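Colleague: If you want the building blocks of each chain, they are given just below.
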Amino acid sequence: MFRTPLRPRLRTGAQPPGRRSRSRPGPALGVALGAAASLSLAAGCAGAGAVGGGGDTEQIVVAIVSNPQMQDAISLQEEFREQYPDVDVRFVSLPENEARAKITASVATGGGEFDVVMISNYETPMWAANGWIENLQPYADETEGYDPDDFVPSVAEALSYEGDLYSVPFYGESSFLAYREDVFAENDVEMPERPTWADVQEIAAELDDPGQDFSGICLRGLAGWGEVMAPLSTVMNTYGGQWFDEDWNARLDSPEVEAAVTDYVELVQTHGQPGAATSGFGDCLTRFAQGNAAMWYDATSMVSSIEDPASSTVAGDVGYVPAPVEETEAAGWLYSWSLAIPSTSEHKDAAWDFVSWMTSPDYLELVGTELGWERVPPGSRLSTYDIPEYAEVAQAYAEPTLTAMDEATQDLTMVAPVPYPGIQFVGIPEFQDLGTRVGQQISAAIAGQITVAEALEQSQRYARTVSESYQDGAAATGVENGRDS
Amino acid sequence: MTTAAHSANPATAVGRPATPRKDKGTGVGGGLLTALTWVVAIGFFFPVAWMAMTAFKNENQAASDPPTWFFAPTLDQIRAVVADSGTFLGNSVIATGVSTLLVILLAVPASYALAIRPVRKTSDVLFFFMSTKMLPVVAVIMPIYVIAGRLHVLDNIWTLVVLYTAMNLPIAVWMMRSFFQEIPGEVLEAASMDGAGLMRTLRSVLMPMVAPGLAATALICVIFAWNEFFFALNLTASRAATVPIFITSTMTSEGLFLARLSAASLLASLPVIIAGWVAQKQLVRGLSMGAIK
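Keeping their order, the protein sequence lines are chains D and S. For my numbering, count along the first sequence from 1 and bump the result up by 53. For my numbering, count along the second sequence from 1 and bump the result up by 16.
Looking at chain D on its own, in the form it has when it is part of the complex (with noise of 0.2 Å):
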């Protein structure tokens, strides 16, 4: 799920510069130090138990978000361990916002705690620039019957550096348009095969009555980087908005950006659900599930929950269109949660074994046979879709996804070449923290405690910014490689 809410920065916490040192961390530190022979070892002793524990076997640990399909890997450990008795593996599953914390502090540092991270295609061009993931093209090439060529071709691209995997999908999604069958059935209403936000908006008009608590359209408004801008950046692309151009330009205050960000403001205001500034991914999920709403634009592994009858009462009455264009051809985004093995490592070869078993095709055949085809996950592999279990039961959602997916590149949703990777996201490392920023002025614009104007004003100023660090030939490592399409 590509969701990041409101983080607090790490340095938001600290204390101001001219503070003086009474405060500083004395007898932690020293205690610390003081206590470093005998610790030292004790991790002997924890660091011997950690490689050779039960003779040959060698101990990984594996990094992942705790979302249900990577819990479901966790749970098929057993036949991993059978088909690898020398390789033992341990998990640290952890919520997105701490798992995604913790693996980037550690693999930044060099902290060394993971063999295999599960990482985004935000990270993966940035750290493989750095040198701190490997390249697992190799890998890949050599495994018999792992078939990398076989990746959905744009999740494949999104993960790449300079034309080498560095990561290898788990799972991938884009975003499309799920709309209510029945209702607009009931209503005369009909949904174009490809429609325009300006479509969108006529729709939601005609469906939208508040007086019965429907609302016509569902939109994350949720102040964060992987909330609000994710939908709202995708709609600025097919406008012909950018965050940055090629010359690393800030330019939110392009009419294309105001006029995507007005419409986007305006129709969840007008016939959007109540409360929208502050709803995110899962307000929107239970609104639409509970039958709340007629149209929710969003990602599209938003299915595992709506088509499941236990958790929806719209199960089956849902028909998916893709992303609603303007000036753009396509207008999905593009994520992936994926694995990567930290170059500081000690056991690669071991690593690459759990991380091609999870990533495999036979993987997504266990998962099928043993937890249920609709578990099986999606976006990774274009051999999925050929599975005829499989088809069978995603039958409403695998062709939209599939095609989302598959559009779901800079050249067919944005109008002029950027910089950057990333579709709803820039692909630099200051972009958490300007999304987040942006994304706090559109939430307060959808508020109503600020106009569209005054919120791109401000997002301008923290734009150029991030911006002139790029001008000045001062970029991340990497930036400028990053783009590898």
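Worth double-checking, as some hints may not be accurate.
Here chain S is said to cover these stretches of chain D; the calculated rule only asks that three of the stretch's residues, wherever they fall, bring their Cβ under 8 Å from a Cβ of chain S [said to hold, decoys possible]:
| no. | region |
| --- | --- |
| 1 | 114-121 |
| 2 | 141-150 |
| 3 | 163-171 |
| 4 | 352-365 |
Residues from chain S shown here face chain D by an in silico Cβ test under 7 Å; the list is partial [claimed, not checked]:
| no. | residue |
| --- | --- |
| 5 | Thr53 |
| 6 | Val55 |
| 7 | Asp100 |
| 8 | Thr103 |
| 9 | Leu170 |
| 10 | Ala253 |
| 11 | Thr264 |
| 12 | Met267 |
What the hints contain is simulated information worked out from the structure, not anything from laboratory work. These numbers come from a predicted model, not from an experiment. From the three backbone atoms N, C-alpha and C, an ideal C-beta is built for every residue, glycine too.
Once you've looked at the hints, dock chain S against the given chain D.
Modeller: This is chain S only, laid out in the frame that chain D set:
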């Protein structure tokens, strides 16, 4: 404080309902106050009770809207949580137990010296201890992480032991100091008249007198170490992760998790609740003793 006279007898200070003085507070005001007390008490207790209830639901019941009040309780969540939490519990017990022991071993002599044999800079020393608690932990986590990484002690339970000891030491020194200050100088003089040396005085005279305070201090250290999340989250991975990390790992950004989360939280709070219950009497005596100035 003026409550000194009451707390000398714990039986009257604790657990005695306010019935005997009915003559005064029975009016509307008294009734309102009682009602307010109930509202506040239930307000505080309700989330805990709800958590305990949710732990016995299945995931759909836990997530339902409107909330499910009546249901057939299931032990599925508890069973799953008990099965998964072994390593985490073991780590928490080590981190909490060893760090509390170390804190007590270090805090008792330190606070004895600061209370009974103060030197010119005693107040500076005390302030220095306390000042280490003023810096937000988040500001030092990166240096600590890097240092631990260089020493190869990331994901090592002894790292947490050291940090928890350092984290709790200032509080323990301050608390124990106030307990030692309660002891009249005459007692020490009498002990030394009888020929007791420093160790003997500490062991046979002072320790029995500050025992309630020691229990209160230890319990607070236990609670802080048991509940500590931030260091554990950042410095551990698979081997040294503690119970708070286990609780977090039951959450997910997709799918339902409230019942599992509640079961994990219930399991995690039990040891502290039991410890608090067992030490309740000592604790109240200890805390009120520390309050006397």
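Colleague: Taking each numbered hint in turn, which are not upheld by the structure, reported in ascending numerical order?
Modeller: 5, 6, 7 and 8
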